[in-house]
Every structure is written in structure tokens, then in C-alpha cells.
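Enquirer: Chain order of the listed sequences is A, B and C.
Under the numbering used here, the first residue of the first sequence is numbered 1, with each subsequent residue one higher.
Under the numbering used here, the first residue of the second sequence is numbered 1, with each subsequent residue one higher.
Under the numbering used here, the first residue of the third sequence is numbered 1, with each subsequent residue one higher.
These are computed hints drawn from the structure, not numbers from a lab.
Wrong hints could be hidden among the right ones.
For lysine-lysine, the following BS3-like pairs were computed, each having C-alpha atoms within a straight-line distance of at most 27 Å [stated by the list, open to error]:
id : chain 1 : residue 1 : chain 2 : residue 2
1  : A       : K29       : A       : K116
2  : B       : K69       : A       : K426
3  : B       : K69       : A       : K473
4  : A       : K340      : B       : K69
Here the structure is a predicted model, which is why all the values come from computation and not from measurement.
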Amino acid sequence: MENLGALSILLALCLATYSFIASLTGAWKKNAFLVRSAERAALVVWGLVALASGILVNAMVTGDFRLVYAAQYSNLAMPWYYKFAAWWGGQAGSLLLWNFILASYAAVVLLLNRNKHRQIMPYVTAILMSTQILFLVLICFAANPFEVLTVGRGITAVPDGKGLNPLLQYWTMLIHPPILYMGYVGFVVPFAFALASLITKQPGDNWIHTTRRWALVTWLFQTAGVTLGAGWSYSVLGWGGYWIWDPVENASFLPWLTSTAFLHSVMMQEKKGMMKVWNIVLVSATFFLSIFGTFLTRSGIVSSVHAFAQSPVGPYFLTYLALGIVITTWLILDRLEFLKSEVPLESVVSRESSFLFNNLILLASCFAILWGTLFPVISEAVTGEKISVSAPFFNRVNIPIGLFLMFLTGVGPLIAWRRSTWDSLKRAFMFPALGGLIVAAGLMAAGMRHPYALISFALCMFVTLTISSEFYKGSRSIAAKDGIGFLPAMVELTHRNTRRYGGYLIHMGVVICVVGFSGAAFNLNMTSEIGEGQTMNIGRYQLAMKNITFGENDNYVFRRALIEATVDGKQYGLLEPEGRVFKKQNEPYHEVAIIRRLNEDLYLNFANVSADGKKAVIQAYVFPLVTWIWIGFWVMLAGTIVCLIPSKVRLEYARTQVVGVVERNAVQVEK
Amino acid sequence: MLVFIAVLIGIGGLVYTMFVREQDLPLPEPVNPFQNLDDTKARIYENLRDLQFEYRLGKLSDEDYARTKKELQGELARVLSDVEQLKQQLGVRVANVAPLAKAAKGKCIHCGAKFKENLKFCGQCGKPMEAA
Amino acid sequence: MLSKWKSSLLLLVAALCLAQDSLVSPAVRRVGEKLSCLCGVCKNTVGTCDMMGCHYTAPKRDQIAAMQAKGMSDQSIVDVIVKEVGLQALSEPPQQGFNAMALVMPFIMITFGLYAIYWFIQRNQRQAAMAISNPVHPEVLDRFRAAAEKEMEKLD
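With the rest of the complex left out, here is chain A (with noise of 0.2 Å):
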């Protein structure tokens, strides 16, 4: 079977290549049949892509240690889902995934496409299969998940794999991989869209039509998978971190960066035919850092916790992303006057400067993490020393420029398109400004002292009034006009311009979000040793041992607390927190107890036993507001769904039509 799998990736990669050159052969001879016969060796790469990941789960789900792969991420004693997942558990497999991906987004690209855009389509197949190609090369020739295990000339086979890290043996693990691949490599479809009509010098804007949908779901996917793998962390680690500015973390976030920066400056492309060069600059930087991110996490450059095993991966990025950005810089700088605005930006007080300044602000994080990131690298490489770049310093820059975000955030539905006048933004500030100004004074008296989660609360509260007033003042206008209650009203308001108020619903979701980031600033810690009858306190909790005991099973030796914890005397709850060894991988897995609840979680994870082993060393945390941020991604998801949903009011206006030809010189103009 592995032959089989071996042959069809191979045999993949030579119809992506022929795809490749048929579909620019086609284009440049305008040849239609070169053209389908492009896009149907893309289909078929698909077939191919499909079929040997179906051989590889197969492997993992039965078992068949002959592979290399299968031996090191399967085994007999994990359930069939983590085995399927195993899929992605490894360099080789999370390739042949990413190939999957990219291999469906470019069929239900070219199969809804196939009567449409003509002119752009076989550059699209081109991109496509390019960046098909890429993903193919590596997973034929530098990490094939179809080796076998050999002795001399013989195929031999282990009689059982070593299975999943006990960490990933989590049910995220069955999605947060395929989501977050999913938003890395949907991007390729804009970006192919976009290169594509600035190839063929579409006019219009229709690469963005087209391609709306696509950005905003691949948006989501990346929102998605970012979310998930925070959540993951918190629930799994034992520490209760969600984000540690770790190099693929960091990685996963700079093309949601520059996509969030894209979604919000292509309105004014759609809106005005403004900035057209900075979208596609845009939409290019979110491709790149997706391959770029991917290049990072494989090739071992940087140390992090979620690197794969080295492979020799590196050299095959690094020349894919030279050569895109070359041509692709290449390509904007020949057609730079094609991109042209057509109306020039008013007044410097209008909500199209306060996008230039939202696209600054993003770019500019985006930078500071990609430099924070990469720093070590440069730097040992000009001092010949190395540094650590960790934690703090990510804080110190992305800390103030998160809170100049939420500023605009709250500043931007305030200004009108085109212009302002100070006054009228005066007198729309003022309500939200002080609603700030009162949250902010509040929690000083009630004796919050730390700078940073003051001024983010009291932004919070100022971005949400100003998103409150948005949509009352709406609704209290079509509520007067069509004579019908409130809530219908608001609901018919964001019905009438889907993507605006869906737009508002998610910045809802990022403030409170940010709330949740801000309990940061207060959270607790506390270890201590507990035998059984001891207690220990944290906070306004009295954590009371109740009884400890030790076991194992077939996968794992564990030992388990319970502990009730009781606030003023009146129970709480009872945790379990519990420390595992696998024996298989000789791994420790914890598996902490949390009770969550909205002001704040309490967190208990059994880290050890103490020396003479009669007591449990457990480590205790406080996390105030951490569940909003699960909140705020809900609403950020249902954001999102509005903004999917078409609006209600879809003016088609009427089209000039070629109805005749007109002799010359009797040129007869019909209105």
C-alpha cells in the first residue's frame, strides 16, 4: 500500500508541475483546451493528494508499523480518533495535510470558477499549483511520510509504535491542527486572485468581490485555530499560560495581523478605489508569512515547543519565498500606475485616515513580533552572541500598541467616510470618553492600582459605548421610520448592512477579549506541600485536602487529589487534579482541575508528591476574567457569521447595455 501512497504523491507532483506549465502556456497561446486540460490535472492532484492521505490514516488506524511514521506517532492502545489525528501528529503527515488542504481549496476554487473569469483563471492554476508544487517537492523528497523501516534490503516492522505525545492526546488535537493549516493556507486563494488580475491588468476591483468571502472565512479559520491552541495551553500544560510569545505562536499570529490589516484597508478599495497597491501588498505579506510561519515551525531555525523534528525542509521554503517575493515586488512595481487611486483621500479627519492609522498599528505589531522573533538569529549572527528574546519583551512593545488598537477601535465608527468636523466628533466622543473616564476613576477607588489593565478597562467601556451607540442610533432611526419596536429594529439595521454591523459585533468580541487579557494583570499563584487533612489558601479560597491516591492502568501510573475548596467557610467545590506518567513514552501528563466561572477560574494542577511521598505538592492559581476571552472569541466567531450573511438590501443598480452600433458621423446618444 505504501507504494501505492509513494506513487500518487509522486505522480502528483508531476501534474502539478504540468498544471503549472499548461495553464501558462494556455494563457500565453490562449489556448482554452492547454487551459482545462490545466485545471483538470489540478483536480486530479487532488484525487492523488486524497488518496494517499486515505492511505496514510489507513496505516496509522490499522496499525501498520512497516512505516516509519506510523511507528513513531501510532500505536496499538490510543483510541482510532488520535490515531486518525496522528495524521498531522509528525513533520511528514502535517505536510501531506497541508498538501490536502491546499490540494481541496484549489479544486472548489477552479470547479466554481470554471465558467468565470476566463481571463484570470489560468494564472489562478498557476499560483495554486506553484505554491502545489512546494508542499509536493517536500513531502516527496525531504520528509516522505511513506518510508518504511528497513534492515538491510528487508522491510521490517516494529510490533508497536510509540503513539502521540500525552499532550497532544487531547481532543483539540483533532481539530486545532486541520483549523489553523486551514487559515494559513486559505490565503492562498486571495493572494492568487489578487496576483492574477494585476497579471492580466483586470480593472475593477473584482479579485476582491470574488475573493471577500474566502478572506473573511480563512480570517476565521486563523482566528479559530489561535484560539484553540491558547485554550489548549491552558487546559494542558498545567500552568495555566495561553500565550508565551513562543516562535510558532508568534508565527500563527503575523498573517492574522496582516489579514485583520487587509479586511479593514480593502473597504477602501471596495468603498472609494483608494489604496489599491497597499491591498495587494497586503494580501501578499498575509500569503508569505502563512510560508514563512510554516517555514519557521519546520526547519528548527528557532527553538520552540511546538518545532518538529528537524528535517532538511528549510533550503525548499527559502526558495519558494525568494522567488514569490521577487516576482511578486516585480509585478507590483511594473504595474504600479494600473493601480492608481481614482478618488483622492479628502480631509485628514475622515474614517478612511483612521484605517491608515489601524493598518500602522497592526503592521507595526506584526513587525515587532516577526523582529522579537527572528532577533536571536540576527543577532548572534552580527555579535556572534547569543540572546534570549522572551516574554517581557513581546509585552513591552504589543502592550501599548494593543491598547492604541482598542483606541481606534473605539475612535473609527465615530468619524464619518470622506470627512468629520471636530465638532461633530467632539460631540460624539464625549459620551463614550467619559463612560471611560468613570470606569477608570471607579476602579482607581475601588483600589485598582496597576496602569496598564486601568487603561485597557477604561477603553473597554469606551469602545463598547461607542458600538452601543452605533447600533442604538440606528436602530432608533429605522425603529421611528418603520414604526416597529427596538430589538426588531436592531435587528433589521444589521440584517440591512450585514458587514458593518457583523464588523461591530466582532470588535464587541475583541473587547472582550481584552477584558479577559487584562485579568492577566491580577492573577495569583501559590505552591504548597498538602498532605491529607492539610489546607492552604489562595485568595479568598480555603483549599482543604481531602484525600490522595495512586494507581495505574494499562497507559498510565496516576496520582489523584481531591480537594474541596470552600470560600468564607461555604463549599465551592471539589477538584481533582491529577499527575499521570505514560509508560509507553515515560511522559508526565497533567490533569488539572479547573472551576471556571466569569469573575475568575480557579486552577489546581498535582504537580508532584512531595519527598517522603505522602504529601502532594499542588500548584494553586487564581486567573480572574480568563473566561472572556473564550466568550469573546463566540462572539468574534458570530461577528463573523453576520458579516457571511448577505444583506437584506442588495441594490442592483441599472447596467449600461450595448443595445446597437451607430454609423459614423450620425452618432445618436440614447439615455
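Since chain A is already given, all that's left is putting chains B and C on it; use the hints.
Expert: Chains B and C only, in chain A's frame:
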């Protein structure tokens, strides 16, 4: 067996890729030289709508509203003159056609007069009711 | 009565000892925040790393506590550790030489971006001024104005 499947897959893929028949080609898309100008026009209308809405919500002063409106009208006029120019350049006659979905049966898109059935020209204003 | 007092005092002392034993004191944490955990896995600092018995952080914390017991200042403790491990012991790049670029560069880029926005706005205003001095044919505009107004009424 395995070899047989492999050969089958290979040949199947090649045949599907290489043999494209005439009827597999996409139909040529209608080309409308006015498409881009129409899009620009639609965009200006959308901007006008937005402007009015924002004005109603009190985000703009009367003065700003008037100025921006005038500007939009200017942009629209520019597009119209471009349409005119293109028309003369191509030497064609054109008609304003209601979008397909909205072309209500028997309703004139120019003056809004209603008739029992679709007519070629409006009985009220005499303009063509649909594209010839 | 006395025995009850005594036993609770004993308990308190015991609890304090335990706390001393396995708790990161705020002072150690303060110094630890300046040092990177170099276990090779996490990106935390010695102050915030929460891995139990981390092979890098745990001994470093003891070392810091020991030096603090000797009355050394924060900076001198950090210096000792940097001398031992190298510059990479620091959680942030030092603010001298090339390494200062780490913190400076993002702000240079922001300044550059601000200038780009300024340039962009300037250029646009010049273009806007040019557009006004070069208006569309007035008669076309007039003919259209009525149509635009009618359109807007319809939209309302």
C-alpha cells in the same frame, strides 16, 4: 493487483487530463465594455446611501453633508462623461437596463409605469423597457 | 487554652516553613523576571516559569535566593548570572550595542509608518486640489445632478 491499480490510476488521471473535448470548454463570457464604469457608478450610489444614513444618525454636520454630496455628484458626473466618451469611441448605442433579478414584469425601469405584460418600449415615456 | 494556642502556633510555623520551601518569594520573582528560562522548551522567565522542578529555573531560583540572603542587589545578582551563562540569560536583549536594536527598531518602523501616512495624505491633498481645478464639463454635471437627486430620493 497493486500494480494493476497503480496503472489504472495513472492512466485514468492522464486520460482525464489530456483529452479535453470541445464541449468541455467554458462558454465565452459576455463582454461588456461598460462593466467597469457601471461598477464605479454603483459604488458611488452606495456611498450616497451610506452618506445619507450617517447624516441621519447625526455623524455629519449639514455643511459636511452638503459638501460630500456635491463631491459624490461630481464623481458621478465624471463617470457619466466617461460613459459618454466610451460610447462615442466604440460607436455604439446603449440602454440602461434593469438588473435581471429586479426587472419586474411589465414595469418600466425609467419612469416606473406599470403594464400588464412586458413591452418592448414603455407606453408612458417611450424608452426601451429591456435590452434588445 | 494554652495548648490550643501552642498547637495553632506550631501549625503556623510549619505552614511558614513549607511556604518558604516551595514558594517563589516576590523578591526572587522580581529578579527572576529579568532572566530567561533556558530549559529549551518554554519562553518564560525564571520568575514566571511554572514547570515543577524545571532543570534550569529551579536551581537558578535557589541561587538567586542565596545571593539575596547575602544582601546582594538585584542588578548584581543578574550580573553574576549573566557572567555565568552569557547574555542569553537575560529575558530581554541588553540595551547596548547592536542588541539595543531589538527595542529601537519597532519604534523606528512606527515613525517611518507615520511619515508614510503623512506623505500619503499630503500627496492626496495635492491631488484633490488638482481635481478641483480641473472639473468635469459643467454641462454634463448639471445634466446629471437632477438624475442624482432623483436617484437619492428613490434610495431613501
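Enquirer: Look at each hint and say if it fits the structure.
Expert: Right, here's what the structure says about each hint:
The suggested pairing of A:K29 with A:K116 holds, with an alpha-carbon distance near 19 Å, which does not exceed 27 Å. With a CA separation close to 22 Å, the supplied pair B:K69 and A:K426 stays within the 27 Å bound. Taking the CA atoms of B:K69 and A:K473, the gap is near 22 Å; set against the 27 Å cutoff, the hint holds. Restraint check for A:K340 and B:K69: the C-alpha separation of about 23 Å stays at or below 27 Å, so the hint holds.
Of the numbered hints stated above, none is contradicted by the structure.
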